[in-house]
Each structure stands twice: as C-alpha cells, then as structure tokens.
Amino acid sequence: MKRILGVALGILTAIGGFVDIGDLVTNAVVGSRFGLSLIWVVGVGVAGICIFANMSGRVAAASGRATFEVIRERLGPRAGLANLSASFFINLMTVTAELGGIALALQLATSVHYLLLIPVAVVAVWLVIWRVKFSIMENVTGLLGLALIVFVVALFLLKPDWGSLAGQALAPAVPDEETGAAYWYFAIALFGAAMTPYEVFFFSSGAVEEGWTIKDLIQSRINVLVGFPLGGLLSVAIAACAAVVLLPAGIAVTSISQVILPVAEGAGKLGLAFVLVGLVAATFGAALETTLSSGYTLAQFFGWSWGKFRRPAQAARFHLSMIICLLIGVAVLSTGVDPVLITEYSVVFSAVALPLTYLPILIVANDPQYMGGHVNGRGVNVLAMIYLVVILAASLAAIPLMIVTGAGS
Amino acid sequence: MKTPRPLVPVPPVAGRTLDAQLHLLDRQVLDNDGVPVTTVDDLELSPPGSGPEIPEGTPAPVITALLTGPILGTRIFGGRPPSSRLIRIPWKDVADVGVVVRLGVSGQNLDADWVERWIRDKIIARIPGGSRDPR
Amino acid sequence: MILGDLLGTPVFDDDGVRLGRVADARFVVDGVPPQLMADARLLGLVVSPHSWSSFLGYERNSLTQPWPLPALLRWRHSGSFLVMWADIAMIGDGSVRLRRGYTAYSPALDGDGQE
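Chains as they are written, first to last, in my numbering: chain X, 1 to 409; chain A, 1001 to 1135; chain F, 2001 to 2115.
Rather than coming from a laboratory, the hints here were simulated on the basis of the structure.
Fair warning: this is a prediction, and the values are worked out from it, not measured in the lab.
There's no promise every hint is true.
[Said to hold, decoys possible] Chain X regions said to be covered by chain A (calculated; three or more residues, Cβ under 8 Å):
hint	segment
1	74 to 80
2	126 to 134
3	312 to 320
[As the list claims (entries may be wrong)] Pulled a few chain X residues facing chain F out of the computed Cβ check, cut under 10 Å:
hint	residue
4	328
5	365
6	366
7	367
8	375
9	376
10	384
11	385
C-beta atoms are modelled at their ideal positions from N, C-alpha and C, and glycine is treated no differently.
Please work from the sequences and hints to get the whole structure.
In structure tokens, the structure reads:
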C-alpha cells in the first residue's frame, strides 16, 4: 500500500511540477496565435524530455554522478565551460522569469503591484532552499501545482467545437495571418519550453539528493513516463483554452492575466481561485528548481560540495552561489523589465543550448565504466540519436529565426 | 604524418593502467567521508631529468600531485599560474581512482578546500540555520 | 612538470618528421603501495596525428553505442599510437622528440577502460 501511495505521489508531483512559467506563457501565446496547429511540438518535446530525464536519472542512480559532473568529465574544461556559461545564463534568465511569475501571480490575487511582491517571492524561495527538506519541497509544490488541472476543466466548460480543435491539431497548417518563419520560431520555443535543460540538471541532481539506487529506477521510470505526458497534457489544455477564447477575439497573449482569462470565462470565480493557486505553485516550484539548478551546475562543474541533503555550512559555495543568483534575478526584475518577455526569450535560448546538455548524457549512459550492466538499450539509443538530430536542427535554426521574425512579433 | 608500421599491442603490464584524459582529468575528487573537494584540474609529474634531453634508462616520471585552483583557468585560457599558486593534493592522499577520485584523508585539512572553508566560516555559518541538518 | 603542458605538444621523430601531437599520457599503477595507492608511473604517451583533444572518451575503448557516434569519433583519432617512456628522447618546451627506432604500440583499451 505504501508503495502504491509512493508511486501515486511521484506521478502527481511530476504532473504538477511539469508546468513552469515557460510552458504557461509559450503555450498560451501559441494557442492565441496559432490555435492548436503547433500542439504536435508539445508531444515531440514531452517524449524527448521523457527519454533524456529517464536516462539522466539512470546515470545518477547507477553511478551517483549528476549530469553536470558528467558534462565536465566528458567534454573537458573548455567545451564544459562554454556549456556551463550558456546553461548558467539561461538558468539565470529562467530564475528571473519564475520569480517575476510568482510576483505576477500574487499580483493577480492581491492587486498589489508585482514589483512590491518580488521581495516577498525571493525571500520565500530562499527560505525554502535554505531550510526545507528536498522531498517535502518537491511534493508540496508539485501537488499544489496540480490545481492547474483547472485549465482542462475550463476547456470542457467552454464547450468548444471539439471537431475544429481536433482538425487544427491533427492537420497542422500555418494560420493565414501568420508567416511560416513565425510558425517555426514558435515551434522551437515550445520545444525549448518542454525540454528546458534545467529539468535534466534538476532531475539528475534530485536523484542524488534523494539517494536513488538502481532499485528506485522503476518508480522513477513510472513517474517520468506517466507524470510528464500528463503534465504535457496540461500544457496542451493551456494552449487549447487560449485557442478557444483568445484566438477568435484576436488577443495575442502578452501578459499573465491573458493566460488565465479563458479559465475565468469558462470556470468562473472558483476556477480563477484554482488557477491562481496553481500559478503560484507552478512558478514557485520552478523558481526553486531553477535556483537549485544554478547551484548544481556551478558546483558540479567546479567539484564543490553541493546538495540540500547537506547542512548549508557543508555546502557553502553552493548556497552562496544560489543567494547570488536570486539577488541577480531581483536586480534584473527591479529594472521593470517584463518577466513575460524574459520568459519568451529564455525558452528560445534553452533550445539553443540543448545539444551540449543532452549529448554527454547519452554518451555516458552507454559507458559500462559508469553504468555497469545498466547501459542504454538499442531502442533507447536509436530514439535518442533521432532526438539529437532534431535538437541540433532546432538549436541551429533558433537564432536565425529569432532575427528573421523579430522574436516572433 | 602517417605511421606506416602496423601497431603492436602493448606488452602486458602488471597493475592498472590510467589514461590521464580518460580516467583522471576533470573527475570529481571526494574526501574520505564522500564529501566533494574539487575536480582534478591538472596533474603534476615528477621532473623527468635535469634538462629536456632524457638519457636512456632514466626512470619514468610519476604523478606527484593532483592540481586544482587557478590551474583550471590557465588550462582553459592558456598561460601558467606561478608554482606557488598551484593547489596540490599529494598523490599519496589518493585512495582510489574510479568514476570519482577518492582521497584517504579528510577534505577539512586540505589546501584545496580553503575557499569553501572561508565562505562557510565568514558567510554561510553566520546566517541563522546555516548549520542545521536538513534531514 | 605539469601534464597540461605536455598535452597537445607536437611530437617529432629522430629525423625531425612531425608525427602528431600528444593526445594523452598513460600511467600504470604498480609496485608496492607505500601509502594508499602505489605510484602512478608514466608508461608512455598517446600520439595522435589528427586531433589531440580528447573527445567524449571514445578514442581508446571498444564501445559501439550509440551508433554512429563512436565510429565517427574514433575515425577522428585514427592513426594514433602509444610510445613507451623508454622511446622518448626529449621533452622540451614546445616539442617532444622520440628515439630512433621507436616502437608504435596500439593505444587501444578494452571495454572496461583497461588494456
């Protein structure tokens, strides 16, 4: 019984923890401009993150090595540092975006200006990182994040024309008022949002934090293979809600309040209450994950002591670097730059950095020195190689498309 | 640029072989309690002889220390920190080389850990709760 | 002597013909351990004619997965060989010279990363 509960808890946490500010904003923007014609990308991205998160978890369980240790060891110091710089910069952008997201969500709930709420958000995030046990942190934010299921409920209550939605999703076409370049630009953004590298850093480091062994792999596999796709379904519901309400009204999403507008229309005040809880939990959970990921990547590259399972004093540089990251995030936000805009850029830059993150994981997952008998199967390798080609293509196309489309505007 | 001769297999050697790039460089270093100390940023070898020329029969150099600290920067960007600024972990403190390098001593007393200790004592341990066990 | 200085150094034979660059240094841990681990003695240098950068660790093991990466990366390192310490005549600032009649050994390791 305890085992089943554990599995259920793991799945629910994975679902609730899947969506972050990047998924929320990108899916809503895409839904409001392209309907469901890009939704296939969410499927591709979710399958990709399942493959690689699972692989990085297996590497961590079999060898006790988290992803960035492996990256440094395999790529060497030069390429490793280039990767660290890119990943760390994107991570910092994401931390900033999530902190802003918490503040914006709280603003919707309290009507206090979000800039005044940023100190509240950042202190709360830091306190959790400083004091709260890893598993409690994961489970609470994950379960509260499940409140975002209200997007699915709202979609049903909106009584959409299911046939037309299915038509958009199954026979994707570029809408008349959009260009092909913008379509592919947002395809890359959605892909980047689903496959953000920090998820893999966090997932593999979390496996070390929780002391996984090979025995825990079945549970982790279920969490990933069931939880992530269901989390992806939430993303689809966000896009669908936007497609049903905002697309016909000609509203292109540029703010968080527009993201949740369809919920208010479909599910009323109660729905609004749920979506606000879900928004705060999702952005808060992701702020924790990205802040920790910043610390993980730095510590693992330089070989510092790290981990929430240690006393902060026993991982001093790790904790100090996270404090500095949070302060940088606050400094950037205090300039008044729009967190939604930061989010939109961060998901595209994520796509650029993807290959350097995923290639070393794939290689080490095939190395018996690390894995013993738990090396990748042939089928996983074929899928992973196909994904690497897709990831590489997306990575190379991202910046040119960003320039051509003026960042999708 | 070619090596025309067919390659001979290496005559068997007793003991373990370690290729520096493949088995040592950039690996995580853990102390005897399993706490990360640093990474292997470079290796120091005993000098092969008095000058560049190596007379026949000169004994092979051995690894004297794992290097860390500023050497990482110079390995990436070139240049060389002065010898006094190299942070050494003597090879005699190394207990095992696997996917990590394990030391047989505590990291607490190593030069390689001084930044960590400084940040701990000056900053982190002074914040309330900094020494609390999270588990 | 610092290993990082040696890696990437051009290697010449006795006639001054350039053979490649130092790609790696192989050590052997043998003898009686006076302490925790025995001394790691330099067995020889791996010389690679094309690329001296270690890349992803494929160059000397026998892994074949995930296809086609190992084959591609091994091809980058094809032609590399191991020279024993006894065959090294000079280690200078910017070059390494081998003795006349040096032997080029296969640099391969087995699947466990051992010879």
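Evaluated hints:
no.: 1; hint: 74 to 80; verdict: holds (count 4)
no.: 2; hint: 126 to 134; verdict: holds (count 5)
no.: 3; hint: 312 to 320; verdict: holds (count 7)
no.: 4; hint: 328; verdict: violated (32 Å)
no.: 5; hint: 365; verdict: holds (9 Å)
no.: 6; hint: 366; verdict: holds (5 Å)
no.: 7; hint: 367; verdict: holds (7 Å)
no.: 8; hint: 375; verdict: holds (7 Å)
no.: 9; hint: 376; verdict: holds (7 Å)
no.: 10; hint: 384; verdict: holds (6 Å)
no.: 11; hint: 385; verdict: holds (5 Å)
The structure is inconsistent with hint 4 alone, although it conforms to all the rest.
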